[in-house]
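Visitor: What follows is each chain in one-letter form.
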Amino acid sequence: MSDKFTVEIISPDQTISKQETNEVIIPSFEGQMGILNDHIPLITFLRPGIITIKAEGEKKYYVEEGTVEFSSNNLLILTSTARDLANLDKSKINELLQEAEVNLKTQSTDKERYIASYKLETLKEISQ
Amino acid sequence: MPSLDDLKKRIKSVKSTQKITKAMKMVAAAKLRKAQESAEKGRPYSQKMQNIILNLTKSINDPQNAPKLLVGTGEDKKYLCVVLTADRGLCGGFNSNICKLAKTNFKKILSEGKELNIITVGSKGHDQIKREYGKYVIKKFSFKDKKNIIFNDADEVGKEIISLFNQDKFDKCIIFYNNFKNVITQIPQAQQIIPAETKNLEEGNDQNFSYEFEPEEDEILEDLLPKNISTQVFKALLENAASEQGSRMTAMDNATRNAGDLVDKLTIDYNRSRQASITKELIEIISGAESL
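Chains W and X, in that order, are what the protein sequence lines are.
At position 96 of the first sequence (counting the first as 1) the number is 96 in our numbering, and the numbers step up by one without a gap.
To convert, count from 1 in the second sequence and add 128; that's our numbering.
So that you can see chain X by itself, here it is in the shape it has in the complex (with noise of 0.2 Å):
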């Protein structure tokens, strides 16, 4: 049985806990609301991106000469897995179901012979991935002290996807991300973008175009493929910042939640001992006045 005093410690202690879990709990959902807006006003432009990739996949009639970052290299050996994960921690299951979606991965990659690369984005995704893959990560980044995610951060990730591309380090490129969909709804996903993925072309959209391209067609693919790349890496880093925010809001809720009932356990058995104690003297006082 601990004493009062080891009791009322801790219950002071939850308390404090509990303070900072509020605030950052506020502070989450404060932030949440602008990266969820940043992100739905930024899933149109990938994915208006995305679907004139497709339409032009659609009309290339020859693939034998076409563009490797948009068919592939045809072969299926070597792969790079981009993880974006967050920068910090203390937000739920966030990171680790990232990290463990991205590791089923590697294991099924590694299990059928194939080579495997990765890149890390966000410093908890590398520290997790390291301990089982590290001599794999050939790469991380880590946007540890940018407030904003701007594009530009994209980019540098997508330029050095297509560096390696260039230099036939890899066949396939699939990244890594939580889809958010809502503040309690975080959806892990793997998503290959290079080969552009063709999946939503067969479901309906039987448009088909034939457009007119100018200046030619080539030199509108080199252009805007890489173009796409870096778009979709911006599209994951998005939906990650706002997943990761929502996932923290509901993480520190709960933590908010359990320190609240803890206080409240710990003040009964804080009472219950003090009126223990208090019985325990009035007995002594009492048989002491009776035995005179």
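So here's chain W without its partners, still in its complex pose (with noise of 0.2 Å):
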């Protein structure tokens, strides 16, 4: 039986990515999580993070929020704001950074804080 799985990242205006893959780790909303064949199916949303898929090589996708669905060894990933690490240029990083700094201070709920905080620790790794 192969060991691979099938996996859609989808935005509200286009198919981001759709491959096959031996692994995937999201960034859940409590907490990462690798996902692997023959998973049970499963829904969770993300929080800010970075999508990594492993298969021949690995890609990786920076998302600040989405809806992650797993049934039938399809890995379905509805985001609006998916983007490609490898096409994401440093000034557009330390825009986002500068941004979600300032977000962090202005947040009421512990939710809205709690989110915001991993925005600007994903955003802080990535431009290292």
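Hints are computed from structural coordinates only; laboratory data are not their basis.
Beta carbons are placed, not taken as given, at the ideal position from N, Cα and C, and that holds for glycine.
Do not take every clue at face value.
As the list claims (entries may be wrong) - On the chain X side, residues computed to face chain W include the following (Cβ under 10 Å):
hint, residue
1, S166
2, I348
3, T359
4, F362
Said to hold, decoys possible - Which bits of chain W does chain X cover? Going by a derived footprint, with three or more residues having C-beta under 8 Å, they are:
hint, segment
5, 10–23
6, 43–54
7, 59–71
8, 74–81
With the hints in hand, could you dock these two chains into one complex?
Guide: Here it is, written out as structure tokens:
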């Protein structure tokens, strides 16, 4: 039996990626989550972080939010913010970083602060 | 019988109209390609989103405690209709078709003695609907100055819908838009978005997943349902944009052809009356010469 499954990243205006993969790591709301073939059906949502798709090579996408569904060996990631890390340039990251810093201070609820802090952390990680 | 000068003027004016319609057709054709592309690209997202919601609906064991956005308020008294139209005219039956469908529904809702509220998106639809149903319109949106539709616009509409729902202003929400099938065919559609339509649920697709939720199911639904509303509105907007351009293109193509026919007809009339006047002059000269 093959140990591969399909992963699709779809944003409202286009299909960003669709490929076969061995393993995907997603920044789920409650922590990093690795998904392998034959995972049980799952629905979860994302916090800001990096999606890693492991196939021949590794592909990384930066996301801010999204919904994930896994069923019958099909991983579906619906997000409006996915960006391919390879195409993300320095100045854009810095711009987002500054935005995130300002954002963190203005959030009022715990949940918003939680999301904002992860966003900041991820962006810092990328920019290094 | 119009004089030669009059005919000449008319031919000129029809020709310049033809130029305009031709140009509009070209513009619509160029825009159509882009709009069609984004409509087709946007379809998977909304479909998959809808699928997740449907699967979730199936796995709900306790409808009493399920979120109201998903299963409805359990009542059927107040309706919110969202009519999505274009901001520009001159696109054939595009706006009228949506309004016609919407009005038939309004009539039905009112005749059943139910409460009706209307939100219009796009100024053309607003103009058509306010004539008869002006007092029911509670809010109007217009994205006239936007060149492309972005998700945030749809989100704005979606948030408004949800906030009205939370204020208990309606039990059911229906959106009206044109579904883009191909360049010549656009089908006006009414889609119920609150409570989520479960029509496709019965047909096939018997897989019943018991999902693992992380975090809790309620929390996910709370996040997902509002997003789904906006997504459905967004899809409707994209379909609409493509339909509008397609409809305008066909309409303008027809107009150009009609103008061409008219020019031909007028030219024949013009030539005929020119020939008639020449013949008349000749007869006058000849008969004048004979009488001498």
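Visitor: May I ask which of the numbered hints given earlier this structure violates, with the numbers listed in increasing order?
Guide: Every hint satisfied by this model.
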